[in-house]
Each structure stands twice: as C-alpha cells, then as structure tokens.
Amino acid sequence: MASLHLLPLFSALILAATAISESKSFSTTVKAPYPGHKLEKLTHLRFYFHDIVSGDKPTSVQVASGPTTNSSATGFGMVAVVDDILTVGPEITSEEVGRAQGMFASADQNKIGLLMAFNLVLTKGKFSGSTVAMYGRNPILSEVREMPIIGGTGAFSGDAVVEYNVYIWH
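Numbers -19 to -1, 1 to 151, taken from mature numbering (1 follows the signal peptide of the UniProt record, and there is no 0), label the letters of the sequence shown in order.
Honestly, the hints are just simulated from the structure, not real lab data.
Cross-link-like lysine to any residue pairs, in silico, SDA-like; alpha carbons within 20 Å at most:
#	residue 1	residue 2
1	K107	R27
2	K92	P120
3	K92	R118
4	K92	S52
5	K92	S53
Only a predicted model underlies this, so the values are computations on that prediction, with no experimental measurement involved.
Construct the entire structure; sequences and hints are all you get.
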C-alpha cells in the first residue's frame, strides 16, 4: 500500500511545473549559444506537466510493483506509465502544447531515485510534430537535476540542452 501513496509524491516531484512566467509563450529561440557549447540554436521550452493519478481519467497509472515495494521506504520496484498533458500555464484549462508519454520506475533501494524513459511529444506551435526523448536516472529529491536527452525527432533531431525549473505545490 505504501507504493500507492508514493505514486502521487513521485509524480508531483518528477513531472512538476516548469517556471512561472508572465509570458504565456511556450517556446523561445535564444540567439546566443549556451555557455561552453557550440550550438547553432538554443531553444528554451517552458510548460507544465499535469500528472493526474486520481479520478476517472488518470494520466499516470501504476502498472507493476515488486514483492517488497509496499514495505520499501523508496517504493523500490514500483513502475508507472504516463501520458501527461503539457500546458502553457499551471491550470489544466490552459493551452495544451503536448504530452509527456512514457514510464518511470523506482529503481533505488537506498534513496528515492527513478529510472525515467519518456518522450515529450509537442503538438502546438512551430515545434508541433517534434519530440524530445529522455532516458535516465532522476534523483527526485535533489534541488537541481539533470536528465539525459537521448534523441528527438523533427526540429530536435540532434543534440539538445534542456533546463528544468521545477516548482512543487504541497
């Protein structure tokens, strides 16, 4: 039962909102290269993940657990599949700009750490039809985290640097 209680915590921590801004702009192309990188373009995407674990139409569902998941302090062995809505603002009613589709698993027996594999599927604006593929370890209790971008399609076929600005309402 503990793993069911950890799912909303994991969901809130990993798929939380990005930075709040007065602008409702979904994407901005930055002309100056990222310090230390020689990129032709740097694009900053800003959106909110809506990770819904309750109600009639959850977007995050636990699909598996291990024999000790319920007694584990880290929820070790819990696996969830997500199809989360990405919006411009924090309200679920704000403009939808894509989906976060994939899965995550509690993969650390000592600290809360998730193995995450998901795609950011963009459906609006000049990046509509493009995806960003992410795969790696997410130490969700760390203030600053880095997730590997392993690929992309459309406008993001190539290398990328992504910054997450995470705020948690609790």
